[in-house]
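J.: So the protein sequences, as listed, match chains G and V.
Our numbering applies: residue 1 is where the first sequence begins, and numbers increase by one.
Our numbering applies: residue 1 is where the second sequence begins, and numbers increase by one.
Treat the hints as calculated values from the structure; they're not laboratory data.
Some hints could be false.
Now the in silico label distances, taken between C-beta atoms and shown as ranges [said to hold, decoys possible]:
1) GLN157(V) / TYR288(G): 50 to 58 Å
2) PRO16(V) / ARG300(G): 32 to 40 Å
3) LYS241(V) / GLY271(G): 16 to 24 Å
4) ASP335(G) / PRO42(V): 47 to 55 Å
Simulated crosslink set (DSBU-like; lysine-lysine; CA at most 35 Å straight-line) [as the list claims (entries may be wrong)]:
5) LYS241(V) / LYS44(G)
6) LYS244(V) / LYS117(G)
7) LYS206(V) / LYS256(V)
8) LYS235(G) / LYS219(G)
9) LYS241(V) / LYS117(G)
10) LYS44(G) / LYS37(V)
11) LYS106(G) / LYS206(V)
12) LYS262(G) / LYS177(G)
All residues carry an ideal CB built from backbone N, CA and C; glycine is no exception.
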Amino acid sequence: MNFQFTAEQELLRKSMREFAETQIAPLVEEMERTDKMPLDLVKKMANQGYYGVTIPQAYGGSNLGHVARLITLEEVGRISAAVSMSLQCLQFGGGCLNNSGNEAQKQKYIPDFIRGKNNAAAAITEATGGSDPSATATEAIEHDDYYLLNGRKVFITNSDIADMAIVLAKTKDEPKKEFSTFIVDKSMAGFRAGRVENKIGFKGCGTGELIFDNCKVPKENLLGKPGQGLAIALKGISEYGRVGIIGVALGIMQASYEAALKFSRERVIYGKPISNLPAVYYRIAEIYADIEASRLLAYRAVWLLDQGKNADVEIAAAKFFVTEAALRCTRKAMDIHGGYGCVKEYAVERYCRDAQLLIPADGTNDIQRTVVGRTLTASKK
Amino acid sequence: MSGLQIVVCVKFVLDPKDISEESIDPATGTINRANYKLVINPLDKHALFAARQLQKIAGGTVTVVSMGPPSIVEDLTETLALGADKVFLFSDPLFAGADTLATSYTLASGIKKFVSSFDLILCGARSLDGSTAQVGPQLAVHLGIPWVTNLSAFNWQQDRFVNLKMKLEDGYLSFAVKPPVLFTVNRDINQPSPPTLMDIVMARSKNVTIISAQDINLESNRVGLTGSPTRFKEIFYYPTKRKKELLFGSPEEMVKALFQELRTKGMFGQ
Ligand SMILES: Cc1cc2nc3c(=O)[nH]c(=O)nc-3n(C[C@H](O)[C@H](O)[C@H](O)COP(=O)(O)OP(=O)(O)OC[C@H]3O[C@@H](n4cnc5c(N)ncnc54)[C@H](O)[C@@H]3O)c2cc1C
């Protein structure tokens, strides 16, 4: 057993922290106000290579792996959950292409994606219920050399900055429903972004509709084989989406911890810092324990991915544990701040709003429990 | 010409973010270094970034040299990711306790031995901890080359450095100079960015070479504590106190009162 990050991973964390503190922190206030992602930042992150962290060098990635990806998201999330969320969803789009694309698709889309010229969204959820992708109503009707897509996706991260999307659509109704995934890009007429939601948190990270209105998608843009759509989407959701949310959550928790610690040492009442009050340091101890437990669950799950193992159950368990821990921790950090926790001058209220969004994203925590519980009870052990 | 041979001197210092009054042992006035993370001296990072930018224009090689304990080998990987092609760590128990004179002598001897023909030596203008600003100029003297300190800018053109902007208290001096030369740089010179992920990958194929006193031809009485004429008399924590004063009245009156107060404190000269 070895609980140490490698020297390279430590260096990665250090450089991510430096980037987040110098390049992202100064933008947070404006993002909170305007709810817009600064496009400059998207470009800068591309130049730093942050989109290609799990992608082979042949396509311009660094192939540092899933542990490294979690480090990038945690460090960005410590400064801005919104930027971390945006980043993780871009990595998700790119990851699907890399997991399931053929050589021609990879050559065509991935290098530009990594350079920040091809922002990729993952478009699965519809109004029929994110928890039930088999209710997907977006249809792709096969024609000679293209599919005709019609439908509307909702709650799609980066809908406002996406140049392309990995789209789940129904390709057959009878005798049995069949789903396929497609690469749809802005050059295809009939593909556009719709309204953007006004969320309580992740301010600056757009979440909105993607609309397919008689959108002609060439057959060569079918991702994987016909009928593999759900499998491709679920693999992406697990290995990229859920892991991504976990990364954002770890960042928020660390930020809450630091804020709580700092405030408790600086706030003096009864002539002493409040960090001397058991009610305060108990909360700090609990936050600490939650972070440690979360990191162990999370990094072990992605370590399994780097070993080439399936980690769906570990990831689902980590997703619900870590996101709920994040919510607990942000609440405790707010409590420690007293009234100051409820004013926008202190970042803890932002952490708390952001943490709630972790719960439904990439599968609600009920769905995570379903994944874990069903798997455990189905096994014969 | 096959580009410029650029040497960057890098020192590792305690991360100022971790240091507070409690870090200092009141009995000895010292900080137990083992308890703290080290970071590249901030201005040395600017120097390294300048070297990398220069290399992009002029080609050549960037060599980092550092003197310190063997434990900083791993920290030095960061300089590889930040663009160093080669890194030499001068490390030997004999070098311990060096002041600026012994440090610059050691660095000079190492550079002479391991970087045969250099064009430019780059240093940060000062280190965050010692803040003497002496090592750069002393190193130039040991190497017998000219030096320009506290640069805010410089360019390379054909065979010389041009548009050197040496920052003074009340302006700049401008120079052009031919290599070999030593520059020390301040923070205006550039805005270093952290290594990219590919930089981190590229660092894998490069490594840090540890050099001991024996590997360098040097006079052993000129290194480490023995070679250091500087003696510390006392180290203590200098407390700074914040004072709070409330001003009342209309905005105009408050501004007036504020300026009056600042003037009596000597903020605007006489
Ligand atoms: C910030 C954010 C970003 C998102 N980004 C994306 C994106 O980039 N791409 C994308 O495709 N989607 C995205 N989503 C959508 C997300 O995946 C869905 O919100 C999620 O799957 C839940 O779907 P729903 O909102 O329709 O809720 P529903 O599915 O309607 O669920 C409603 C409630 O019923 C419960 N429930 C449903 N089924 C079960 C069950 N079987 N057992 C127990 N309880 C159940 C749920 O837990 C929940 O409490 C994002 C969501 C958010 C909040």
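J.: Does each hint hold? Answer for all of them.
T.: Hint by hint, here is what the structure shows:
1. At roughly 56 Å, the beta-carbon separation of GLN157(V) and TYR288(G) lies within the given 50 to 58 Å, and the hint holds.
2. A beta carbon spacing of about 34 Å between PRO16(V) and ARG300(G) agrees with the range 32 to 40 Å that was offered as a hint.
3. The given range of 16 to 24 Å is respected by LYS241(V) and GLY271(G), whose C-beta atoms sit roughly 18 Å from each other.
4. Between ASP335(G) and PRO42(V) the CB atoms are about 37 Å apart, so this pair departs from the stated range of 47 to 55 Å.
5. This hinted pair does not check out: LYS241(V) and LYS44(G) have alpha carbons roughly 41 Å apart, beyond 35 Å.
6. Note on LYS244(V) and LYS117(G): the hinted pairing is violated, with a Cα-Cα distance of about 52 Å set against a maximum of 35 Å.
7. Proximity of LYS206(V) to LYS256(V) is assessed by CA-CA distance (about 61 Å); at most 35 Å being required, the pair is judged violated.
8. A C-alpha spacing of about 22 Å is found between LYS235(G) and LYS219(G), which places the hinted pair at or below 35 Å, so the restraint holds.
9. Between LYS241(V) and LYS117(G) the CA atoms are separated by roughly 52 Å; this puts the pair beyond 35 Å, and the hint is violated.
10. A threshold of 35 Å between alpha carbons decides the hint, and for LYS44(G) with LYS37(V) the separation of about 28 Å falls inside it, so the pair holds.
11. For a cut-off of 35 Å, the pair hint linking LYS106(G) to LYS206(V) stands: about 30 Å separates their Cα positions.
12. Taken as a hint, the LYS262(G) and LYS177(G) pair is broken in the structure, with Cα atoms around 55 Å apart against an allowance of 35 Å.
The earlier numbered hints that this structure contradicts are 4, 5, 6, 7, 9, 12.
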